Structure formats: structure tokens, C-alpha cells
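*Asks:* Residue-level listing of the chains:
Number of protein chains: 10
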Amino acid sequence: MPHYTAAHAQAGLKSKLPPLERWPNPYPGYETTLEVPEFTSVCPKTGLPDFGFLRIRYQPKRWCVELKSLKYYVNGYRNLGIFQENAVNRILNDFVKAVRPVWAEVTGEFNARGGIKTVAAARYPKRGHR
Amino acid sequence: MPHYTAAHAQAGLKSKLPPLERWPNPYPGYETTLEVPEFTSVCPKTGLPDFGFLRIRYQPKRWCVELKSLKYYVNGYRNLGIFQENAVNRILNDFVKAVRPVWAEVTGEFNARGGIKTVAAARYPKRGHR
Amino acid sequence: MPHYTAAHAQAGLKSKLPPLERWPNPYPGYETTLEVPEFTSVCPKTGLPDFGFLRIRYQPKRWCVELKSLKYYVNGYRNLGIFQENAVNRILNDFVKAVRPVWAEVTGEFNARGGIKTVAAARYPKRGHR
Amino acid sequence: MPHYTAAHAQAGLKSKLPPLERWPNPYPGYETTLEVPEFTSVCPKTGLPDFGFLRIRYQPKRWCVELKSLKYYVNGYRNLGIFQENAVNRILNDFVKAVRPVWAEVTGEFNARGGIKTVAAARYPKRGHR
Amino acid sequence: MPHYTAAHAQAGLKSKLPPLERWPNPYPGYETTLEVPEFTSVCPKTGLPDFGFLRIRYQPKRWCVELKSLKYYVNGYRNLGIFQENAVNRILNDFVKAVRPVWAEVTGEFNARGGIKTVAAARYPKRGHR
Amino acid sequence: MPHYTAAHAQAGLKSKLPPLERWPNPYPGYETTLEVPEFTSVCPKTGLPDFGFLRIRYQPKRWCVELKSLKYYVNGYRNLGIFQENAVNRILNDFVKAVRPVWAEVTGEFNARGGIKTVAAARYPKRGHR
Amino acid sequence: MPHYTAAHAQAGLKSKLPPLERWPNPYPGYETTLEVPEFTSVCPKTGLPDFGFLRIRYQPKRWCVELKSLKYYVNGYRNLGIFQENAVNRILNDFVKAVRPVWAEVTGEFNARGGIKTVAAARYPKRGHR
Amino acid sequence: MPHYTAAHAQAGLKSKLPPLERWPNPYPGYETTLEVPEFTSVCPKTGLPDFGFLRIRYQPKRWCVELKSLKYYVNGYRNLGIFQENAVNRILNDFVKAVRPVWAEVTGEFNARGGIKTVAAARYPKRGHR
Amino acid sequence: MPHYTAAHAQAGLKSKLPPLERWPNPYPGYETTLEVPEFTSVCPKTGLPDFGFLRIRYQPKRWCVELKSLKYYVNGYRNLGIFQENAVNRILNDFVKAVRPVWAEVTGEFNARGGIKTVAAARYPKRGHR
Amino acid sequence: MPHYTAAHAQAGLKSKLPPLERWPNPYPGYETTLEVPEFTSVCPKTGLPDFGFLRIRYQPKRWCVELKSLKYYVNGYRNLGIFQENAVNRILNDFVKAVRPVWAEVTGEFNARGGIKTVAAARYPKRGHR
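Residue numbers (this note's numbering), protein chains in the order written: chain G, 1 to 130; chain W, 131 to 260; chain P, 261 to 390; chain D, 391 to 520; chain B, 521 to 650; chain S, 651 to 780; chain V, 781 to 910; chain C, 911 to 1040; chain Z, 1041 to 1170; chain R, 1171 to 1300.
No lab work stands behind these hints, which were simulated from the structure alone.
Hints may be right or wrong, so weigh each one.
[As the list claims (entries may be wrong)] Capping the alpha-carbon separation at 30 Å, the derived lysine-lysine pairs in DSSO-like fashion look like this:
#1 B:Lys637 / D:Lys404
#2 V:Lys796 / S:Lys664
#3 C:Lys1027 / R:Lys1287
#4 P:Lys377 / C:Lys978
#5 Z:Lys1157 / Z:Lys1111
[Claimed, not checked] So the derived label-pair ranges between C-beta atoms look like this:
#6 Z:Trp1103 / W:Arg230: 47 to 55 Å
#7 R:Arg1293 / P:Ala266: 37 to 45 Å
#8 V:Pro798 / Z:Arg1140: 49 to 57 Å
#9 Z:Trp1103 / S:Gly697: 50 to 58 Å
#10 C:Cys953 / V:Arg903: 45 to 53 Å
#11 P:Ala266 / R:Gly1246: 57 to 65 Å
#12 V:Pro798 / D:Thr423: 26 to 34 Å
Bear in mind that the values here come from a model prediction, so they are computed numbers and not experimental data.
Beta carbons are placed, not taken as given, at the ideal position from N, Cα and C, and that holds for glycine.
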């Protein structure tokens, strides 16, 4: 019997989260990195908490993300059941939709579970084969 | 109600600051990095202080920046209300105007606020899409 | 008399190990790094244990590796006689067969033996000459 | 009134220093890095000492630098008034003249003055615009 | 009077050392790094010992180096008079002759002498100008 | 107006939490340290999450704490409103009641809030004035 | 002529600062450490800013310090001219008066000035000769 | 239902292990610390491996422990089911019996399980209450 | 023939140095640590420079040391021939005479010479046998 | 068959080594620490080299050790067969005989052999039971 079900792989992908706000960027053409060491969510399989360190890098175009709304958005994952890799990808998608950057990257480093540590990194727009 | 106003996004962009001086460079064609760990400014939204670590890298052409004037220039932000990302971009613009380098980069690593740490990096001349 | 035999070089390459499972990836196009600090196997020459730190990086296509099965798979090396370099290469091959990634890399950093530390790194698909 | 004079910018550029010696390189085509953590000179403006960490990287052609002569050469800066950036550039020029390498780089990391740390890096032959 | 003689520059280049052995590589196309923190030799000028950290990276073709023979080979330098840069280059040459890799690199980081630390790095096959 | 109320200072002190279990200690007279890097609770004033690193040291008498029950007990704070200092003291009291150690210490290092980091340390039995 | 005047040594000792608040401690007999990495004040001699890292350790009796009021109190030094050692001692005195702890210690580590770093540590009640 | 049984708490306490040997100490009155970073055993409850770092400190009287026999003794735990705290205590007892030191301490730092890391420290002869 | 003469052991003990100044201490009973990473002097035997890190700890009574005068005092060793251990002891004696502390300690960590690093620590008043 | 013989335990205890010299101490009553990171000797059982980091701490009475003679003395162990613990004890005895300190300590941290690292620490005069 496998260790997962299809429901686990879809958990949390569509749940409602607090909105990401933005402010108008007066200096187009630079880069920002946001480090969020206090990410936590819930494993949809075991119900136990996951902990991670998020890093969001982006080049703002017309907008910068508003930090207080980012704090509430990230806090929205606290009791959400979602796989670690899926959380990273959803955060990237929500960020791109709200802030419309030239490019963006989201990396999540998660604390070890079962002796194995996971780091997931997603990027917009997608790059081709390395 | 959003967390910001247009006035916040423009605060501090035009305020007068001490001038950056320069000395004649006898060896064109090398690079200099200046690390300034004691940057502090004020958040225009909350009135509370921000703290950051600046790093200025540049390739001098005819001029090198004079360090004592840089110290007073940076100290000019101490009671200035300005967003962190805007401070980094303004410092780059003021530096380029005063020193006329071949190229220059300014990076600001700011202490976490609301559990989120911001790093902003601007460059002259602008590079294209990565 | 040389220090090895052909049997040593082939030991453990075909032994049966617990299967690697997978779950369907809803977000193609990102990267995952899995760190496994608790790898241990047995030297086929001396019968003494080896200890290593594995790092698996890959870009999932249709599947992600299931972590619990990876834990049992890695644990399967605990009493297996196999050279360190061969373990790294076999893990890569087994991983690629089970998970069908766009690309994958396996790195093993092994504790020093005889005062010498070995790090082996294999990649799929193979790259040309550097 | 500016903080410098033209004399400061030229100080120490022509002063006599102990010679750099060399030995014949039997293996052309490799790289050497020399780390010199005990560089000290004098600020021509204030008369106070500067302290720095030099790093010299080069690819020897027919000659390698002799280390004892390098020690005496570096010690020659101990009571010399010279700007930090100028010291780095002069060391590169003197090194290239004596050792005739394929290429060479000199980096100087200097202890902070006025809360600002300077790192200067020069290279032979000069590279174009990054 | 210079600090060296031609004899110093040639010392140890031809001395006999224990042979490097090899075992057949079943997985062509990966990389191995071997870290040897306990290298010691003798300075041919002063007769005093040198200490260094060797790092050997290579891509095995048909053969992998046998570690026990490498340990004895390295130990062969213990009472050999040879310049640090020459030791690194000779190790690379001996390694390539015995193991026939696709490529190989040898780096030696040596403890400071006279306040100056030397790092030498050689590579097979030689690369062109950087 | 002060920043707190009496209700904040009492929040979470009596809430029900999962029980701590124990197993019989065959070797009286030694010490154990348990590090729990993933503690999180909620600030009763702001409703925002707190994050901390717990360290529990004790000398078992007849019983050792059972680790799985400790994991569930700690996880019970995830959605509990309680001041950081109060959480540390309550954990000590609950631990002593369940495990009956010769002595015990609980230390909590909490992530900075408002630029200030709190570390609280409680001990059973209480010590006199330092 | 000496480098100081009596006025410098008394500067800032009596200036008004925001009040320190407190909340009732339900668990007497433990210790708290508060780390405040963002202290800044002004040198009364040069008018230039000082930067420091404060650490406040205390054993609460009936009261704990309220953190938000501590943040505003520390921020009150931002434009105050006061010697570093005096700031540490005044903070201890103000803290003891407001919070009435069993004991308290204040340590300030200040960034180097003139190449010299100062750390000052004061304690209530005073201890005898070490 | 509790998470353990009495059998788990007794597992591995009496199993046969390779003997510890000793050599005669010519210099009574000093201390030795032995660090063993490669300890591994098996959890008697889950059958999964545990990994730890052992540190043995002792003052030899008439005998010193022979290191090769210690290596084989430690390796004897590789497939033994035993709780981490019990392993530390058993190693101390076996060591004291074989080597007869003036005093000895054994500390085991074990990799986290369920997000909790355990460190156990036992000492011969037992000390009184701290 | 021994490596030293009596003159070496006495060199620099009586040479004139810039005076240490002081300011009146308004808060008796605390401790100060001064870190001076840029100490340099000259070896009286070889004429080559020594480099060290000084740490001065003291409890001020009526006076605190004035930092600018300390900077010039330390700089007075720059071209003084004196053994490292003697420099540490002389600095302690000069400091105690000028500042009249309750107690004081001077520690000097010197860069390695001949592969050996020296740390010397002197204290006023002298303590008895450890 | 045991792993050692009585001859191994006595090897190197009486071999002749270069003499330790001394210079007259003008400042009785302080402490010196000498760090010697480049100790190497030979294992009398295997003939293979050992590597270690020595630390010598002492309180000079009438004499200080002369560093150049210490360098040659330590180098005398390079081809000497002696157990690690015995080397530490012999160095202490030779040091005390030559320098006549108030007290002295010698610590040797040796690189791991067979996965086990040894640290030995001896002291003059001997202390009683801890």
C-alpha cells in the first residue's frame, strides 16, 4: 500500500488565504529579497506541523509587496494542510498574481522529517532545462 | 483599507542630505567595496527606526568617493522617514551623480520587521532581464 | 599485491532494496533538494561501517519522490557491503528509474577513512566534458 | 573645504620599497594564492595606522615570487603614508613587474575607519566592462 | 644575494614515492573529491616541515584511485624536501599517470610561513587563459 | 494607558493540554537534555504567533519522559494564547508533575518581537539568590 | 589639553525618557534575558552616533517588564548625547526602579570607535570585589 | 494506551558485545577525552536506526582503553535495539568495569527524532545533587 | 649558543609612551572591557613586526580610561622593540598607574610566529596560586 | 590476542630530543598560553603518522620558554614512535624540568584514527580528585 493518496497531493491548493497588498514602486529595475524564517503549515497526511524558512526574491515592476500583508498571508498557512513543495509553488503563484514582478523566486527550506530535510525552489517565469 | 498611502511611498526621496565628496583616482580600472554596517533611518508609516547594513561596490573612473563625506551622508538618514527599498535606490542615484563611476551597486540588508527581513539591491547602469 | 579485488568493486550493485514510491506533482518546473544526513553502509573490503551525508537534487516532471519510502530505501544500505562511490551512483540510477525526473543529482559526503574524506557526485543526464 | 588634497592622493606612490625576488617555475599553467593577513600602512591624511588583509592570486609563467622577499616588501609599507586603494594598485604593479605572471589579482580588505570598511581589488591585465 | 638556488626549485621532483593503485570504475561519468588534511613535507631551503590540506577532484574514466595506496603515497612526502607549489604539481602528474581520469585538479592549502599562507591549484588538462 | 491587561498575564495558564507520559528509568543518577526547536504559541495580546526553541534538562529519578508524548504536548501550544515567560514556567510545572525528576530546568529562546528577543529560564526546585 | 570635559561625563544622565511599564508576574523565581540589538545614541563629545547591543538579564519578583514600553524607552536614546558606559548604568537604574527585580544586569556591547570596542556591564545589587 | 512497554525500557541492557581492551598507563594523573562521532543503534520500539555522537572522558588509573577494541565495541551497537539513554549508561558501566578509571563520564548527543534531540550524560562515580 | 640575550628580555620596558588620560566615573561598581584588535610592535631579536589582539578588562573606581588617549598609547608600540609577554605586562602596569581601577586584566593574543601562537594574560592585583 | 604489547606502551618515553631553552621573566605572576597546531609523531604500533594540536599553558616563575627552541623540540617528535597520551605527558615533564613554572598544563588534540578522536590533558602539579 503506498504512503500517500491523491487527496494529499491536492490538499491546500485552493484554500482561501489573506490577500497580498502592494505599493507603487518609484525605482523600477532593482531586486528585493524577503526572508521569512517563521513559516509553518500542517502535513495533510499526519496532521503534524511543518516548519520552514521562506525566501522570496523578485524584481519589482510597477509594484512592491506590502510587508504587513505578506506577514498575514504567510500566517494563513499556520493551520492549513498542504505538502511542503506545494506550499512553495502556491506562494509563488499568489505572489506573481498580486505583485506582477519582472521575475520572482520562492525557496522554502523545511525542517527535517524522518531524518530528511526538504528544500524546494520555484521560479517565475519558468527557465528551460539547465 | 490598505496598509500604505502614496505619501509613504514618496517620503524622503527629495530631502536634502550632506554632500558626497571625491578625490582623483590615480589607478583607473579596479573595484572598491565599501561596507557600512551602521545605517539607520525612520519608517515613514510608523515613525519607528529601521537598521541596516549597506554595501557599496563600484569601479571608479576619474574619482573615488571620500570616506568622511560618505560617513556624514549616511548619517543624514538617521532622522529621515524613507522606505528601505527607496533608501537603497536613492543612495545609488546620489552616489553615481557625485562620483561618476564606470558602474556601481548598492545593497541594503535591513533588520527584520514583523518577522520579515528585507534585502534590496540596485545597480547602475541597469542590467537587462536575467 | 593490490589492495582490492574485482568482487569488491561489484559488491552491492544488484542487491534488493526497499522500493522508492512517488506522488503526482501538481506544479511541474521547480527544483527540490533532499538532505539525508544519516546514510550508513558497510565497506565490502573491511566489513567496517561507512557513514555519509547524501544530497539529492532533482527537477520533478510528473512525479515527486515520497519521503517515507526514501527513508526506508536509504535504511536498506545499513548492512549492505558497497563502495561509497558505487552507492552514490546506484542511488542516482534507482531514483531516476522510480521518479522519472527532468534531471537529478546525487552527492555523497563520506566520513574520513585512513585520514581521507571522499565526496562523490553523479548526475542524470550525464553532462559533457567541463 | 574638502577633506583631502591632491598630495594625499599621490602619497607613497613612488617611495622606494624592498625588491621582490623570484624563482624559476618548473610547472607552468597553475594558479597560486598568497594570503598576507598582516599588512599595515599609514594614512597620509591623519598619520594614523591602517591595517589590512592582502590576497595575491596569480598564474606564474616563467617565475614564482619568492616568499621571504614578499614578506620584506610588504613590511616596507609599515611606515609609509599611502591611501588604501593606492596601496593595492601599487602592489599589483610592482608584483607584475617583478614576477611577469600570465595574470594577477591583488585584493586588500582593510579594517573599518569611521565605521566604514574598504575592500579594493585590482587585476592585471585589466578586464573590460562587466 | 637571492633567497633561493636552482637546486631548491628542483628538489623532490624526481624522488621515488610509493605507487598509486586503482580499481575498475563501474559507473563512468561522475566526479569524486578526495580531501587529505594531513599532508606534510619538508622545505628544501630550511629543512623545516610544511603542513598542508590537499584536495583532489577528478572525473574517473576506467579507473578509480585506491584510497589505501593514496594514503601511503601522500605519506611518502613526510621526509621529502620539496617546494609547496612543486608538490601540488607533482601530485597532479603522478595521479593522472596512474588513474587516467577525464580531468583532475589538485589544490594544496599550506599553513602560513613568515606570516604568508600559500594555496596552489593545478589542473589536467590545462585550461587556456581565464 | 498601559499596554497590557491582567487577562493577558493569566491567558493559557489553565488550558488543557495533551498528557506527558513516562517510562521506568533503569539507571538513576544521570542527566538528560531535550532540545525542541519547533515550539510555537500565540501572543494573547496581538493574536500573532510566537516561535521559540525549548531546552529541557533534568535528572530522572524513577521515570524518564516519553518523547512522543512530549511532541504532542508541545504541539498543544500551537493555537494557545500565552505569554512566552508563562509558557516556560507552565512547561516546567507540567513536566515536574508528570516525570518527578530530581531536578529540572526549562529554557525558552523566543524569536525577536519589536526588535527584542526574550530568553526565559525556570528551574525546579527553585534556587536561592545568586 | 585633555580629550574630555566634566560636561561630557554628565551628559544625558538626567534627560527625560519614555516610561518603562510592567505586568504582574504569576511565576516568581525564574530568570529572563532580553536582547536588544538595535541600541543607538549620540556621543556627547563628537555628536556622532554610537551603536550597541544591549542585554538585560533579571529575576522578576512581582513584576515583568512590558516589552513594547521597553522598545520605546530604548528608542528614547536615539538622539540623546550620553557616554556608552553611562547609558548602560542609567538603563540599569531606570529598569530597577520600574520593575523592582530580585536582581538585574545590563550589558552593552558597542561598535568600535577609533579601532577600540567597548563592552560595559553593570549589576544590581552591586557585588563585592571579585 | 501508553507509547512504550516495559520490554522496550529493558531492551539491549544485557546483550553480548565485543570486549574492551586496555594497555598499562605509564603516567597516572591526567585526563583523556575520546570523541566517537559514528555511534548508531536501533530503536527497540520502531526498529528504525538512531545516530549519535559519543564523548567519553576519564582519568586513567592503571589502564588506558585500547582504541581499536573501543571501535569494535561501539560498532557492536549497530544492530542492537536499545533506548538512547540506556546505551549511554551501559557504555559507562562497561567502560568502568574494563578500564577501572579514577572517574569517567559518557555523553551521547543523538540526532533529532520527532523534532526533538536528546543528549544524555552519565558519570562514575555518581555525584550528589547539584 | 642560546637564542636570546638579557638585553632582549629587557627591551622596551622603560621607553617613553604617550600618556593615558581619564575621565571621572559617575557610576562606581561596574565592569568595562576594551577590545583593541590592532596592536603591533617589533620583535627585539629579529626586528620583524608582531601583531596582536589586546583585551583590557577593569572595574573603574574613580576614573574611566579616555579612549582617544588609549588609541595613541597603543599606537606608541608600533615601532617599539619589546617581547610580546613583556608588552602585556607593561600595558597592565601603565593602565593601573593611570586609571587606578579596583582590578584590571590585560590579555594579548599574538599572531603565530614559527608556527606557535602566544597568548599572555596579566592581572592586577595578582591572584594566588590557582 | 590483545591489540598492543608492553613495548608499544613504553615507546619514545626516553628518546633524546632537542633541548628547551628559557629567558629570564621580568614580570612574575601572569599566565601564558602557547598554541602549537603542527604536532606530528608516529604510532609505534602501525608506523603511521599521528597529527595533533598542542596547547601549553603555564605561569612562569623565574623563566619563560624560548619559542624557537620549543619549535625545534616539537619538531623532534616528527619521526618518533610514541603513543599520543604518552607524548602529552612527556612534553609536560620536559617542559616543567626546563622552565620550572609555578604550574603548567599540556593538552593534545589528535586527529581521529579509526573514527575516534583523542584529547589528552596533563597538569603539573597534579590536582586531586575532581
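*Asks:* Run every hint past the structure and note whether it holds.
*Replies:* Evaluated hints:
Our distance criterion of 30 Å between C-alpha atoms is met by lysine 637 (chain B) and lysine 404 (chain D), whose separation comes to about 28 Å. For a cut-off of 30 Å, the pair hint linking lysine 796 (chain V) to lysine 664 (chain S) is broken: about 41 Å separates their Cα positions. With a C-alpha separation of about 23 Å, the suggested pairing of lysine 1027 (chain C) with lysine 1287 (chain R) holds against the 30 Å cut-off. About 20 Å separates the Cα atoms of lysine 377 (chain P) and lysine 978 (chain C), which keeps this hinted pair within 30 Å; it holds.
Taking the CA atoms of lysine 1157 (chain Z) and lysine 1111 (chain Z), the gap is near 24 Å; set against the 30 Å cutoff, the hint holds. Tryptophan 1103 (chain Z) and arginine 230 (chain W) have their C-beta atoms about 50 Å apart, which keeps the hinted 47 to 55 Å range intact. Range check, arginine 1293 (chain R) to alanine 266 (chain P): about 54 Å between beta-carbon atoms, so the 37 to 45 Å window is missed. The hinted range of 49 to 57 Å is not satisfied by proline 798 (chain V) and arginine 1140 (chain Z), whose Cβ atoms lie roughly 37 Å apart.
Here the CB-CB span from tryptophan 1103 (chain Z) to glycine 697 (chain S) is close to 52 Å, well matched to the stated 50 to 58 Å. The given range of 45 to 53 Å is respected by cysteine 953 (chain C) and arginine 903 (chain V), whose C-beta atoms sit roughly 47 Å from each other. Taking the beta carbon of each, alanine 266 (chain P) and glycine 1246 (chain R) are about 45 Å apart, not inside 57 to 65 Å as hinted. Distance hint for proline 798 (chain V) and threonine 423 (chain D): a CB-CB separation of about 53 Å, inconsistent with the stated range 26 to 34 Å.
Hints 2, 7, 8, 11 and 12, counting from the list given before, are not met by this structure.
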